[in-house]
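Line by line, the protein sequences give chains A and B. For the first sequence, the working numbering assigns the number 1 to the initial residue and increments by one for each residue that follows. For the second sequence, the working numbering assigns the number 1001 to the initial residue and increments by one for each residue that follows.
It should be emphasised that the hints constitute simulated quantities derived from the structure, not laboratory data. Note that CB positions come from ideal geometry on N, CA and C, so glycine has one too. Some clues are possibly wrong.
[Claimed, not checked] Sample of chain A residues at the chain B side, in silico, Cβ under 8 Å: (1) Gly249; (2) Leu250; (3) Glu252; (4) Ala253; (5) Ala254; (6) Ser256; (7) Phe257; (8) Val259; (9) Val268; (10) Trp348.
[As the list claims (entries may be wrong)] Calculated pairs, SDA-like style, for lysine to any residue (alpha carbon to alpha carbon, straight line, at most 20 Å): (11) B:Lys1091 <-> A:Asp247; (12) B:Lys1178 <-> B:Gln1149; (13) B:Lys1091 <-> A:Pro275; (14) B:Lys1091 <-> B:Gly1132; (15) B:Lys1091 <-> A:Val119; (16) B:Lys1124 <-> A:Pro271; (17) B:Lys1124 <-> A:Leu345; (18) B:Lys1091 <-> B:Pro1101; (19) B:Lys1124 <-> A:Arg255; (20) B:Lys1122 <-> A:Asp247; (21) B:Lys1091 <-> A:Arg344; (22) B:Lys1124 <-> A:Trp348; (23) B:Lys1091 <-> A:Trp348; (24) B:Lys1124 <-> A:Arg344; (25) B:Lys1122 <-> B:Met1168; (26) B:Lys1174 <-> B:Lys1091; (27) B:Lys1091 <-> A:Arg267; (28) B:Lys1178 <-> B:Glu1226; (29) B:Lys1076 <-> A:Phe257; (30) B:Lys1124 <-> A:Leu346; (31) B:Lys1091 <-> A:Leu345.
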Amino acid sequence: MQSISGEERTVAITVIPGAPAEAADCDHLDHKGGSAVRALLTVGDHDEQSHASTSGRGELIVATILDKARRTTPDVADTPETTGASGLIDPTAISRKTRSSSRVPRSAQRLLGPVLLVVAWQLTASSGLSGENVLPRPLSVLTAAWRLIANGELQEHMTISLLRVGNGLLIGIVLGLVLALVSGLSRVGENFVDANMEILRAVPNFALVPLLIVWFGISETPKVLLITLAVAVSIYINTFSAIRSVDAGLVEAARSFGVQRRELIRRVILPGALPGFLIGLRLALTGAWLSLIFAETINAKRGLGRMMSDAREYFQLDVVFVLIAVYAILGLLSIFIVRALEARLLTWRRSFDGN
Amino acid sequence: MATDVTERTALDSVVVARGVRRVFGEQVVLDGLDLDIAPGEFVALLGRSGSGKSTFLRALGALDPDVEGYLRVPAKQAIVFQDPRLLPWQKVLTNVNIGRPDNARTRAEALDALAEVELESKAKVWPRTLSGGEAQRVALARALVREPQLLLLDEPFGALDALTRIRMHGLLEKLVAKHRPAVLLVTHDVDEAILLADRVIVLTDGVISLSSQVEVPRPRGRDSREFVALRRRLLTELGVGDQPDAR
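With the rest of the complex left out, here is chain A (with noise of 0.2 Å):
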């Protein structure tokens, strides 16, 4: 698109409805999304290209140019090198680009927060305005690190932890998976399981802590069973409304080409509900590692919320922070996990990617 100088003041918009090669083929424009219309800017004599197309919808993209213009008027008006004497200006210079050149990639340039973060710490700690006992320098963090996993301290604590957190997943979303499909593919389901976990969801988890201490002992049951609960709620609140939000148009079309239930369940719905059972997936894992330390920092003889509690106890700010950084990573790796089964799981969606 060429640039309007200001010695060619006269600027014409023709809108040609379909090029005449493509208009034979018009699923090709329409797979474009949809607009058979194009919009050219040419420059030049007013009488060489003066006519302006009125079909219907050409009239429209026009219009759209103008209001743009009109928007834009603070900035542009005033000069005469983007602005044309009838008070046109080019839409290619104020329509978004996207800007994909950079050298560095995309997951780098996302790190410059984190690195910010920990330089912007670094200076802090050393600056001495603050004590190493309020806020410990990140090499004495890096040290106590090291120190906890050369004699193998943090690895025992974790493996403990980690196990609780996977049972407490695995039997907590086939409980609200199973919870959902009962709820959600049928009323009577519906009528027992909903209300229920509607209350239990309305419930903090940290509030039942007590009853599971009375009713489990300090064992490993009150403590699975914590995170237990709250991803089976995660994971049902989010299925049961998704399996409730399946189009149902698609499930009338299914039916109507001869689709039984059992099928319609297997190839409609729960292909439908995928991506809220992937959203609860999420949400459950995030409520998994909350409800671990709820559980770990009351009762637990190993785990990290037991490293987390002596380390407050005997003061080692070092090691809180550590912990606070395995907590970090392995929330993300969590998080890292879902994004990748929803990348292989959800392909037939495209959604926008912020760009």
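With the hints as your guide, set chain B onto chain A.
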């Protein structure tokens, strides 16, 4: 030429409707509707929006359990909806074969059906990559692969652009001539009805107020004398005969 639907014998018909009634709350949408459709006959059902055209089609398509009256349709029937209603998580070929057993024979049949709508190259793609016209052609293939005795079309081209619609008319005409199902096309487009149908009927106040054989010789041009006359008559029946467009 008007044909009195009640005079026809029901014996050779694929659709028999007698006294079909559908009430939504207080509102009577279908009020004792009678209709017969012969095997292989192409009937276009016109009506103003809200006249109950789609309600009647849904009744024929076994999508409405609350309809009253006598209704007989063939078991082998298929619907093309206004929106394609393809499962986004199934490839095009699987969508065509939905509800049918999955084996080498049915897959070959589905591929043939896609070839008939000129989309065999799209058999393995996701539906979201199709254009509106392509998706609707897949929906047509999905209906025809069942070799239906009755094909129900619920404003199937209503959401398409004008150029695509013209192509779809040609394609539908070709496929109906080949497969010979009885067709009920619900549409609000009078030209579309006259171009495609053997008989045009108009639904007003819950009953069929006009039924006319389309005597325009095929291939039908919109400028033939018979076309213009029938168009005028139908538009008058639909209550817009005095508008500038109708002349």
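(message) I'd like to know which numbered hints this structure contradicts. Please list them from smallest to largest.
(response) Going through the list in order, the structure violates hints 15, 19, 20, 26 and 28 and respects the others.
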